[in-house]
Amino acid sequence: MAGATIGERPGTLRDALRDVRDQTAGYSGIWSWITTVDHKRIGIMYGVTAFVFFLAGGIEALVIRLQLATPNGGVVNADQFNQLFTMHGTTMIFLVVMPLSAAFFNLLVPLMIGARDVAFPRLNAFSYWVFLGAGIFMNVSFFTGGNIFQGELGAPGAGWFGYAPLTLNQFSPGHGIDYWAFGLLILGIASMASGFNFIVTIINMRAPGMTFFRMPLFIWMTLVTSFLIIFAMPIITVALFQVLADRLFGANFFNAELGGTPLLWQHMFWLFGHPEVYILILPAMGIVSEVFATFARKPLFGYPFVVFSGVAIGLMSWGVWAHHMYTTGLGSVANSAFGFTTLLIAIPTGIKIFNWIATLWGGSISLKTPLLFAVGFLAMFVIGGLTGVMHSMVPSDYQQQDTYFVVAHLHQVLLGGALFGLFSGVYYWFPKFTGRLLNEKWGQLHFWLMFIGFNVTFQPMMISGMLGMPRRISTYSEGLGWEFWNMLSTVGAFLIAVSVLVFMYNVVISLRSKERAGDDPWDGRTLEWAIPSPPPVYNFAEIPQVKELDDFWHTKYVENEQGQLVRVVAGAAEQAEEAEDDAHHDIHMPSPSYFPIIVASGFPFIAFGFMYDFALLPVGAVVMLVGLYGWALEPATE
Amino acid sequence: MQHAPAAELQTTTGMDHRKLLMWLFLGSECLFFGSLIATYLLYRNKTEEIGIGPIPSDLYDIPFTSVSSFVLLMSSVTMVLALAAIQRGDRRGTQAWLLATALLGMSFLAGQAFEFTEFYRQGLSLDTNLFGTTFYVLTGFHGAHVSIGVLILLSLFVMTLRGRLTPANSINVELIGLYWHFVDVVWIVIFTLIYLVQT
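The listed protein sequences derive, respectively, from chains F and A. Counting in my numbering, the first sequence runs from 1 upward without gaps. Counting in my numbering, the second sequence runs from 1001 upward without gaps.
Errors might be hidden in some of the hints.
Taking lysine to aspartate or glutamate pairs in the EDC-like style, the calculated list, with each CA pair at most 20 Å apart, reads [unchecked claim]:
1) A/LYS1046 with F/GLU257
2) A/LYS1019 with F/GLU634
3) A/LYS1019 with A/GLU1029
According to the in silico footprint, chain A covers these stretches of chain F (three or more CB under 8 Å from chain A) [said to hold, decoys possible]:
4) 203-209
5) 226-240
The hints are simulated quantities; they were obtained by calculation from the structure and are not laboratory data. Positions of the beta carbon are idealized from the N, C-alpha and C atoms, including for glycine.
Make a model of the complete structure from these sequences and hints.
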């Protein structure tokens, strides 16, 4: 079996490293990307793919804004408008923010805990390929879900939370909803596989000495997010099966004539959907926690409080789902109870925010782009969080339900929150994985354009919402007082689009730049900065021994008698490593494998089989079985 | 030098990665079956109120299902015996108990197939009423889990024939064992809540 394992003979560390380099030297070209099981490459693929979907979702948003810029807009018709906002929401949540977070999990988890890869490298590749397939699958619905030859777009149009019975055949004919439901089912498999993988990796592959309370905060948030994923996804899986059973096989889950109730879908969807909200935001919270500490040059203030707050948010997210359903008539007892639990979530969230502020307080701040985005996150997330508290009040929510105020709130937390946090992470870790810093000037321009564009887009939506503008209307009449605010939102949306172009330009010129970032350009605190940029395939030549939180920082600085930080004399650490060089080493790297992509490619066959022709089902089943048996019988590393 | 299996044991918790994965997977499955069972319970009395099609008490044959439940539970015993056999290096025993477990699982599936056709013959299909919808989807998903288990058991049986299953990789039997016991436990819940408690 070709692979990067060495150790047929006992050798020195240097021999082992050379062997790994030799065996991975030929890893280039498209085949090496298809068969890769290297977490760094998979992370990069996740990031790039999610960014492409981000552009698609962004274009959908721009068309929506064009349509709503003026009253009686005629850019798209009502049906197309429904498809656009449905695909915009679905894309941004499931194909952009979640996979972008997954990109960071992939890139960083092994590096931050001092491991050579994740626990199941092939399962990791499998997650990516399943995600890619599901993303493409969902988006081809524009062309194949309806009758494209008659100029009909066929994407799903029932909104990202697809309320039954709107999703049933009677109200959503065509195949759009089938694409949506199967797409989310398949994406769920990808998310769950990576959730399992990262939990096992974090619990089981930490470097010696890295106890739970020496883990970087990003790792903690990854752990909590992964637990939310593996427990929330099965619920939406069942709900999606139920909708598909109703649509494809005439089952009656949501058939009111026989006693079915739309509330079943709403409960199941939001029991998944509220943890999902935290699946989207917790990774960004982990990222900014790292960024604040690094750029304030201080340890994260109140580390255990931030950890426990994150865990508490994860637990409490299971008890608040019905606040999405106040107006469905659950009764005042249920509404009050869920209002109360929702208010409680503000406590751990507030604790985190104050700890971040306290981290910055008195730090020697270096206001680079990553920190700008992190501070932007903080400011926007506070507004988003406070509007969330407004929604938790039942009477207040009755007024805001289904208005643009809700749209403003959710973008405030997902774009102003999650996406700003993710961009902060992009600027922060870009040098680690490419060896080059993103250009600072263009980065600052990107931030300010995006920040201003964001506020020009979404703060007016708060006002148009307060003025009573409902969400999901494809157009509106003149004279309702909404014209100005809608025009402003549209201008803002295009500003955001320009900022994204600036970002893309920045990536291109930065990658072409000859200047190298070096291993540790930000004077980082966590283990990934201790190794070369970009990291070698085996990550750590020597598995690190961890003695405290922010271990890498403490190898660089010690406190003198006055309590001031003094830089450790360079070279001392390296000498210690040299001394151990005579010990026996062998590095086991997982072998590349093409079985993950084979198994993943079976899913669309199954979905198409149910939708169009049952003859495709055995094809999909055989493909998957062959892939699974090949996978099971192939040695992971030999 | 160290060989790969020894290296794999060096995990932070000392627990094998795959075993941890299986426990997490089963935790996740609890939510899956929990949602299906909750749906069944939510709609339990709806069918009688609406009055279209058969209701549970028209169709259930409790003695028959009790027998097939017993068969499935016994397969957990043979599963434990298979694991014990592989761990002490008894290849014959491993083969016998793996095969016995698979056969018991298949008997259960045969019972389910009989039950489904019987119910269908008496007028209950997926689209008849909410009872049909919730019953077939819940027990169908459980049956699918048993089928996958049987497939894996038979695959392991073939591996033992080729001598590819040794005490060193008995973890494979342990993992399918965990899965198999879980599927059994889920059936105990289903049998109790769906068949026995009918008010």
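Hints, verified against the model:
Distance restraint check for A/LYS1046 and F/GLU257: the Cα-Cα separation of roughly 11 Å lies within the 20 Å cut-off, and the hinted pair is therefore satisfied. Of the pairs offered as hints, the one joining A/LYS1019 and F/GLU634 holds, with about 19 Å between alpha carbons and a cut-off of 20 Å not exceeded. Proposed proximity of A/LYS1019 and A/GLU1029 is supported: the alpha carbons are some 15 Å apart, at most 20 Å. Look at the segment 203-209 of chain F against chain A: 4 of its residues bring a Cβ nearer than 8 Å to a Cβ of that chain, three or more, so the hint holds.
For the segment 226-240 of chain F, the proposed coverage by chain A is satisfied: 9 residues have a C-beta within less than 8 Å of a C-beta in that chain, meeting the threshold of three.
Of the numbered hints stated above, none is contradicted by the structure.
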